[in-house]
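Start from chain C and add chain U according to the hints.
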Amino acid sequence: MRDITFGQYYPVKSFIHGIDARVKIIMTLLFMISVFFIVSYTTFVFMFLALTIIIAISRVPYKIVLKSIKGILFLLIFTAIINIFFTSSGNVVIPIKLGKLVINITDQGINFAIKMALRFTLLVLGSSILTLTTTPTELTDALEFLLKPLTYIKIPVHDLAIIMSIALRFIPGLMEETDKIMMAQKARGANIDSGNFFKKIKAMLPVLIPLFVSAFRRADELADALDARCYNASSKRTKMKVFRIQATDIVALLSFILLTVFIFLDKYLVGSLFSAPDLGGLEVQGLDVCIYNLFRCITG
Amino acid sequence: MAVLLDNVTYSYNINDTHRVDAVKNLSLHIEEGTFVALVGHNGSGKSTLAKLLNGLLLPTAGTVKIFGNSTLDGEKIFDIRKDVGMVFQNPDNQMIASIVEDDIAFGPENLGIERKEIIRRVEWALDKVGMLEYRKRTPFKMSGGQKQRLAIAGVLAIMPKILVLDESTAMLDPQGRSEVLKVAHELNKQERITVIHITHFMEEALDADRLIVLNDGKIAFDGAPKEVFAHYEELKKIKLAVPWETQLAISLQKAGMDLGEGIVKEEDLVDKLCQLL
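Chains as they are written, first to last, in this note's numbering: chain C, 1 to 300; chain U, 1001 to 1277.
Bound conformation, chain U alone:
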């Protein structure tokens, strides 16, 4: 089991007397090799959950286990961080060095890996995100999508088994978002890296194996995207919009059109509609 959360609660201190639970009694299992989309509106606890995964935050109650290692175990914390690579929202605030390859090398250097292996990993990681030709450049003046792909490469060089994208697409333009998602899916398929993609864009969950909807620190829905999208009316209540094509498909079906089960993508919908005509 890649990720195992057992009854996890995390509460922030607002002041001396006031505490707010960002994550409440949450239990969750994630199998190795799955692509999980974690969706929730602002304040649903999704970023807190992300930081619980690599021990940046420690649970107030319950345990978080990554491949059997608990984040509460101080001796295992670096093993966990080696397993869980995390990419954050703002690509500008994740880079340490002014030259691309120096930045990518930062992670493996921290782990004390041998020099030749570092060079191999830097090349591999840059190649994986399609940025190999930029290795001697400076990230300044690159597009958001490129910078975020570099941030992913920086994490990949540590060779994580789990990649957590903590709202990594939130600040990007549509093109940058699709670049980052493409890289994440490739890594999931080719390298069998478990991906946990945290976002508030529902449409980014379309290609995920599993969609978890978080609301108010709890899991509201959990299942294949198709199954979850079927609850679009309840999702609306927790301020989440199902992609319009999915909603259209479901509405048409309700109106008596026979579209068959599980239409989520635009292409599928167009195909089905054309068949019916």
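Chain C on its own, in the form it takes in the complex:
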């Protein structure tokens, strides 16, 4: 049986787990946007430090959080390489000549690639903290609440939320069913695990077809069950669980806003106060410049 903890929710009690899911979603969004405005290496270090502290507070083991990066490692390296090879502006550091083809690796390319990789890592870490500390149900409910304004432009937010929660609810069942069908086909001599990539895909067909048939049958029965439980009976649907913003939620949100402000100040203000020194290949901006100047002052 595969690991079927979807959204990898890690069930412990912590301050982060206790924050209102809506606040957490807003914080994650804020974080994701601000990550793209980070310019200086100092701020990157600062952000990683902040995340480390947040993970510590959330009581989710670092190993589990880091696992999420493993999934995008390929993408990370791939984009970094593309960035290195296809940025032509800046000073040439390593010129590469392949016959007529000339690829120049520039200092700007390297800086850009490093920063992009750091941004990606921050993005993935940040969003996985959200899914690790929030149950799927809380997430759906929070999304439903946050998207509520869309009902004014006739988007059926509640139906979408129900669809999402049903999807989350059926993933373990469908996984189990896939396993069962695979075992049944194996018992009848199907060769699913060996062969090359294309052979494997072709071998999945006898698994997928029964799975689809059963998924549709389930959907049919579920539709009857929804109707039988008065789905759509009232336009004034109520909720058993209501969100209540607590003081701690506000504290968490405010500290996050401060962090965002800090990043924006770094990009738009700090850097422009001093002129950037020439440090060979290393591109320094914002706070980096301050720290560089401070360092120079101390060492004379």
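If you are wondering where the hints come from, they were derived from the structure by calculation, not from laboratory data.
In this text, all values refer to a predicted model and were calculated from it rather than measured experimentally.
Some hints here could point you the wrong way.
Calculated cross-link-like contacts (lysine-lysine; reagent style BS3-like; alpha-carbon spacing at most 25 Å) [what the hints assert, rightly or not]:
hint, chain 1, residue 1, chain 2, residue 2
1, U, Lys-1237, U, Lys-1265
2, U, Lys-1136, U, Lys-1116
3, U, Lys-1218, U, Lys-1024
4, C, Lys-239, U, Lys-1128
5, U, Lys-1136, C, Lys-241
6, U, Lys-1116, C, Lys-241
7, U, Lys-1116, C, Lys-239
8, U, Lys-1116, U, Lys-1128
9, U, Lys-1082, U, Lys-1189
10, U, Lys-1024, U, Lys-1236
11, C, Lys-148, U, Lys-1116
12, U, Lys-1076, C, Lys-239
13, C, Lys-239, U, Lys-1265
14, U, Lys-1236, U, Lys-1265
15, U, Lys-1254, U, Lys-1239
16, U, Lys-1226, U, Lys-1254
17, U, Lys-1024, U, Lys-1065
18, C, Lys-13, U, Lys-1141
19, C, Lys-236, U, Lys-1226
20, U, Lys-1141, C, Lys-180
21, U, Lys-1082, C, Lys-241
22, U, Lys-1116, C, Lys-236
23, C, Lys-115, C, Lys-70
24, C, Lys-239, U, Lys-1161
25, C, Lys-236, U, Lys-1161
26, U, Lys-1226, U, Lys-1182
27, U, Lys-1082, U, Lys-1141
28, U, Lys-1128, C, Lys-241
29, U, Lys-1082, C, Lys-239
30, C, Lys-236, U, Lys-1076
31, U, Lys-1136, C, Lys-13
32, U, Lys-1226, U, Lys-1237
33, U, Lys-1128, U, Lys-1141
34, U, Lys-1065, U, Lys-1082
To list a few chain U residues with every Cβ distance to chain C over 12 Å, as calculated [as the list claims (entries may be wrong)]:
hint, residue
35, Ser-1027
36, Ser-1070
37, Glu-1227
Virtual Cβ for every residue (Gly too), placed ideally from N, Cα, C.
Then chain U, alone, in the frame of chain C:
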């Protein structure tokens, strides 16, 4: 009158020219507070009948009335669904949320009931099916009987007057079946909920007030279980087996043993036989 079916026919379209009547000119009255077992082999129309009861299917001809409201009346359909709680065969395909209490709350939330009342109902419904301690859990990895009891709780939270179990015991192991039946009987006795239990296990009808045997879309037998079981030879012809103890009792009686009338249960039979020895 809780349920009133008047000359109801329901036909499925097989293709453009072909129609099959799953229920044919069926008339039926069910009094409030009775426990009715509805038995029939596959294709006898029992599931169609169940779906006619809460307007999931609408009759092709005739009328279905629940406490006087016709299922054909579009404005009354939610009143009917509020009165007729229906539990289906596969417990896995009836749950909406991943957490037990969220799932139970789904019905009352749909009805727009006030929050405090929803919480009260969730607790009440879970308590009624003996699953209160599972309220924060996920139904995944629970036994079939437990899941089906949760499905019943989900329906109970709507506070129905009629509970329809549409082959709800068919996929369960013997223990799960007895758990579900026990809950159904308790609800019938304590809360005076009319129960319509649809099954193909004859022995599950033993404790019912009334047994209706459906064959080919029509009522073949209707009466107290004892009375219906007496027709065991005719029941065999429509592929239904009377519980063996009942059959044994009737056979012994035919062979000249004086067992008295209406022996249906194993305990009664053993008692009587011991007395005779």
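* Asked: Which of the listed hints are not met by the structure?
  -> Per hint list: 13, 19 and 27 violated.
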